[in-house]
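Colleague: Fit chain B to the supplied structure of chain A, relying on the hints for placement.
The primary structure of each chain is shown beneath.
Protein chains: 2
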Amino acid sequence: MNNSTKELIDKIGSDLQSGAAELALKAITVYQHILNNLNHQNINDLKNELTQASILLIKAQPGMAPIFNLCNQVLLTASQAQTIDALKSTCDDTLANVEKELCANAQIIADHVNPLIPPGEVVFVYSFSSTVITALLSARSKGKYFRVASTEARPSFEGRKLAKTLTQGDIEVMHTFDLAMGLVLPSCSIAFMGADCVGLPGVVNKVGSWLLAIACKEHGIPLYVLCDTAKFVNEDRLFEFEKHVRPGLEVWPDFEPTNKNLKILNHQYELVSLNLITGFVTEKGIIKTEDLANNIKSKKVHEALQLEEAFL
Amino acid sequence: MNNSTKELIDKIGSDLQSGAAELALKAITVYQHILNNLNHQNINDLKNELTQASILLIKAQPGMAPIFNLCNQVLLTASQAQTIDALKSTCDDTLANVEKELCANAQIIADHVNPLIPPGEVVFVYSFSSTVITALLSARSKGKYFRVASTEARPSFEGRKLAKTLTQGDIEVMHTFDLAMGLVLPSCSIAFMGADCVGLPGVVNKVGSWLLAIACKEHGIPLYVLCDTAKFVNEDRLFEFEKHVRPGLEVWPDFEPTNKNLKILNHQYELVSLNLITGFVTEKGIIKTEDLANNIKSKKVHEALQLEEAFL
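Each protein sequence line maps, in turn, to chains A and B. Take our numbering: the last position of the first sequence gets the number 314, and nothing is skipped along the way. Take our numbering: the last position of the second sequence gets the number 314, and nothing is skipped along the way.
Everything labelled a hint here was simulated from the structure, so no lab data went into it. Treat the hints with care, as some may be off.
It does not matter which identical chain is used: a pair holds within one copy or between any two.
[Unchecked claim] List of simulated lysine-lysine pairs, DSS-like, C-alpha gap at most 27 Å: (1) 262 with 163; (2) 28 with 61; (3) 144 with 262; (4) 262 with 166; (5) 265 with 219; (6) 219 with 102; (7) 61 with 265; (8) 262 with 146; (9) 166 with 265; (10) 302 with 144; (11) 166 with 28; (12) 146 with 265.
Chain A on its own, in the form it takes in the complex (with noise of 0.2 Å):
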């Protein structure tokens, strides 16, 4: 694999201010990248770089179930071909077939949420979710008005990019901290996130939700997960999301590493557990949290990405 595909590997596993839906289609210029910078004269050799791009791309960000579904469906796609262009052509359409879907199921779900957004009350929502954004946006655009309540996001402050991008989209935004949350729920309505997978155990989405999640149950406020399907995985996919771990330096920059005393732990993600979940905005409608069972299909896993394989 040649260095520039790296980075932009590495960009992805570094950007921690994009929702799951937007790295997935960021993971598709990684496969374009390669496919038209052929340097190959051997099927096996491209396989080869194929899967390996797929590998580091699910490791740079393995809670994202869009990019693991993009890396599948692509290895799965090329190990169908014979030759060089049918393996170029065929993963040129698969690729063009998942960034077509990406951004017509996020207008299909803005449709659905639209009449849930109560007219002229608040909205709250947390963390970075390109499909919550599209939702709210399509809605103000078709002239609804109402308000929407965010915070922060720490570490990485993907908060403060919802909130600039929602008010350039003339919706207002009360902005806080974190754990203000809890004062300004009581004068919201409805809440929204997004998701990085959704299994039976729960929803995983960045750290945060979960606290978001029981706030809400205690005041008594719907929360809706608004997610495509895509992101529905089996249980062992659901917990890869425990490996993303970051940097402590990220939570505390000027902290001092000599304090024999002091760890700092900087997790990206957690579980939220069903019950705590009103029900699940997707391109297919809205989902109660009690037939997502039925919505849950075993998907087949090129050989390459089964968990055993893959992390040994």
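Modeller: Chain B alone, transformed into the frame defined by chain A:
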């Protein structure tokens, strides 16, 4: 009032790193400064200066009961004096007594806290309270081994000050960002917080305390408030804390003030209702929540500090 007194008071008002008891000790120095730099011929001018300083001190930190109590005691003492010399002498005594009591009570509280700390386990602590720190350092110095989990306490990061202070006292600290308290609490056996004031509706403390309290409830972790009974106040005084709103710039230093759709909220205190508190560790021992009412006694309030007159 001279400028140096005003400066001392302003410093207390902008101190977001210290707990209530610590700030009361700093407020004592304001009165000492006035009494040691007497430039009044007339006792009424001196009484007026003390009254003005008291009103400013309470406005500087309206949520902090120990400051209110100190100011009230000083004014009640001063009101009895007939001469400048008598005033100075009786007020010096009052200040010395308050200081002695604050320090002695912190140690008595520490002695009551020690048996609550399960040896070898993890204690959760939020924000910065000198009472909590005294208790933890005291237990450690008596040979008890335990660890502390704490979070940064945005926006002013006084949780970092807590972590540094505890590690210097040879306590291992696991430190993380605020919303990650949901991830670390399951490893904790008990949680401690300080208080700015306590009344029958609940405990006023740094914003974030409510989320901590409902997370403790969710995980079945006992949550104790460590505080001197001088923090127990009547309801009218309790609601003064709502006045403490800080500039939005402290939350988001480089936000665009021209963005008319963006409003930054920066509240300092919130109310945690009593049903979320396991008990109060005070200098009188551990007071159960249901016995709190018997411990809140109406105190005589100097006329200059009665709410209607002081804050018109």
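Colleague: A separate judgement is required for each hint: does it hold in the structure or not?
Modeller: Each hint, compared with the structure:
no., hint, in the structure
1, 262 with 163, "between (35 Å within a copy, 16 Å between copies)"
2, 28 with 61, "within (15 Å within a copy, 52 Å between copies)"
3, 144 with 262, "between (56 Å within a copy, 21 Å between copies)"
4, 262 with 166, "between (39 Å within a copy, 11 Å between copies)"
5, 265 with 219, "between (32 Å within a copy, 26 Å between copies)"
6, 219 with 102, "neither (36 Å within a copy, 45 Å between copies)"
7, 61 with 265, "within (24 Å within a copy, 38 Å between copies)"
8, 262 with 146, "between (54 Å within a copy, 18 Å between copies)"
9, 166 with 265, "between (33 Å within a copy, 11 Å between copies)"
10, 302 with 144, "neither (39 Å within a copy, 60 Å between copies)"
11, 166 with 28, "within (21 Å within a copy, 40 Å between copies)"
12, 146 with 265, "between (47 Å within a copy, 20 Å between copies)"
The earlier numbered hints that this structure contradicts are 6 and 10.
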